[in-house]
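Novice: Using UniProt numbering, the first residue of the sequence shown is number 1, and each one after it goes up by one.
Treat each hint with caution, since some may be false.
What the hints assert, rightly or not - When the alpha-carbon atoms are kept at most 25 Å apart in a straight line, the in silico DMTMM-like pairs for lysine to aspartate or glutamate are as follows: (1) 281 to 139; (2) 279 to 306; (3) 293 to 147; (4) 182 to 199; (5) 265 to 181; (6) 236 to 276.
Derived by calculation from the structure, the hints in this document are not laboratory data.
On a predicted model such as this, the values are computed, not experimentally measured, just so you know.
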Amino acid sequence: MSKFIQFSQTGEPEVLELVSGTPASPNDDEVIISVKAIGLNRADAMFRRGEYIFDPVLPAQLGTEAAGIVLALGRNVTHVSVGDQVNLVPSFPMGANGVYGEEIIVPGHAVVTQPPELTFEQAASIWVMFLTAYGPLIEDAKIQPGEHVIISAASSSVGLAAIQLAKLVGAILIALTRTGEKKQRLLDAGAQHVVVVSEVDLTDEILRITGGSGVRVAFDPVGGELLPKLIRTVPKGVIYLYGALGGETTTIPVLEALMHRTTIKAWIIADLLADEDRKRKAIDYVTDALRRKEISPVIDSVFAFEDMVAAHRHLESGRQFGKVVVKVGGGSEG
1 MSKFIQFSQT
11 GEPEVLELVS
21 GTPASPNDDE
31 VIISVKAIGL
41 NRADAMFRRG
51 EYIFDPVLPA
61 QLGTEAAGIV
71 LALGRNVTHV
81 SVGDQVNLVP
91 SFPMGANGVY
101 GEEIIVPGHA
111 VVTQPPELTF
121 EQAASIWVMF
131 LTAYGPLIED
141 AKIQPGEHVI
151 ISAASSSVGL
161 AAIQLAKLVG
171 AILIALTRTG
181 EKKQRLLDAG
191 AQHVVVVSEV
201 DLTDEILRIT
211 GGSGVRVAFD
221 PVGGELLPKL
231 IRTVPKGVIY
241 LYGALGGETT
251 TIPVLEALMH
261 RTTIKAWIIA
271 DLLADEDRKR
281 KAIDYVTDAL
291 RRKEISPVID
301 SVFAFEDMVA
311 AHRHLESGRQ
321 FGKVVVKVGG
331 GSEG
């Protein structure tokens, strides 16, 4: 018997249930993995709450990021072998293949060889954070050395990944955070400027930092009340909106957006991962940077598998700095 986590009703973290079941056999295109670590994402909590882009089919499993060891393969899977240490690129729908389990069955196309330099906890963390940032900043905007880039919710795992990727290019990072308690840590993480949005007029501060010119690129998972302020600081540029932390409904000051010629571009990682050429190029870019130790996942905390409810509470607390990870069974060794 293998343990896994599901929920039979949407709601608070307490709806998560630890249950047991008999593992199935993989079909020709699937892989069975003995999970060693699970990476948690804000989308997991939204799915659990029933606030995701589609509703869960109950009882539902969840999660898209994990790392572990290959136990069995379908006959069409040839790029990995039994015993390989692997992790998952989140290229399947939430709930389709739950990864909150001791043994999981996932599509072979989502399985990649784990970089040997990484522990299982690190390997379970990398793809959502770095690929979400890579798509808008590196692939689409093609940020340049010396240009200012705004990163909001900068202490999130994706925000910290964005800081690392943009710094690697040579951009000048303006990190936004709600409170001053994370300011020094963001500076230590590589941001050249940190703006505490609760303490200053954001528009004035961005214009001061940039000598009045504003920025060409902003990377934002918040929306809400923050978006109109960003519009004023991104003249003739692009705001990449990749989340809704500020609430599902956001008011856009249309005349101001027109006046500043600001583009608001919605971004989801699924668009990148649906194209095999783009997906491979992105994975290679991130893997090479990891191996050169130019980037590294920032992990906030590691919880035990049996403490998934507490892990979800922490995930939604807003207190974390980086990725929340859950350890399954034995080890961290990668």
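Novice: Decide, hint by hint, whether the structure agrees.
Specialist: Quick rundown of the hints versus the structure:
1. Distance restraint check for residue 281 and residue 139: the Cα-Cα separation of roughly 10 Å lies within the 25 Å cut-off, and the hinted pair is therefore satisfied.
2. The straight-line distance between the Cα atoms of residue 279 and residue 306 is roughly 33 Å, outside the 25 Å bound, and the hint therefore fails.
3. A threshold of 25 Å between alpha carbons decides the hint, and for residue 293 with residue 147 the separation of about 23 Å falls inside it, so the pair holds.
4. Between residue 182 and residue 199, the direct Cα distance comes to roughly 13 Å. Compliance with the 25 Å bound is thereby established for this hinted pair.
5. Pair hint residue 265 plus residue 181 does not hold up; C-alpha atoms about 30 Å apart against a cutoff of 25 Å.
6. Our distance criterion of 25 Å between C-alpha atoms is broken by residue 236 and residue 276, whose separation comes to about 31 Å.
The structure fails to meet hints 2, 5 and 6 from the earlier list, while all remaining hints are met.
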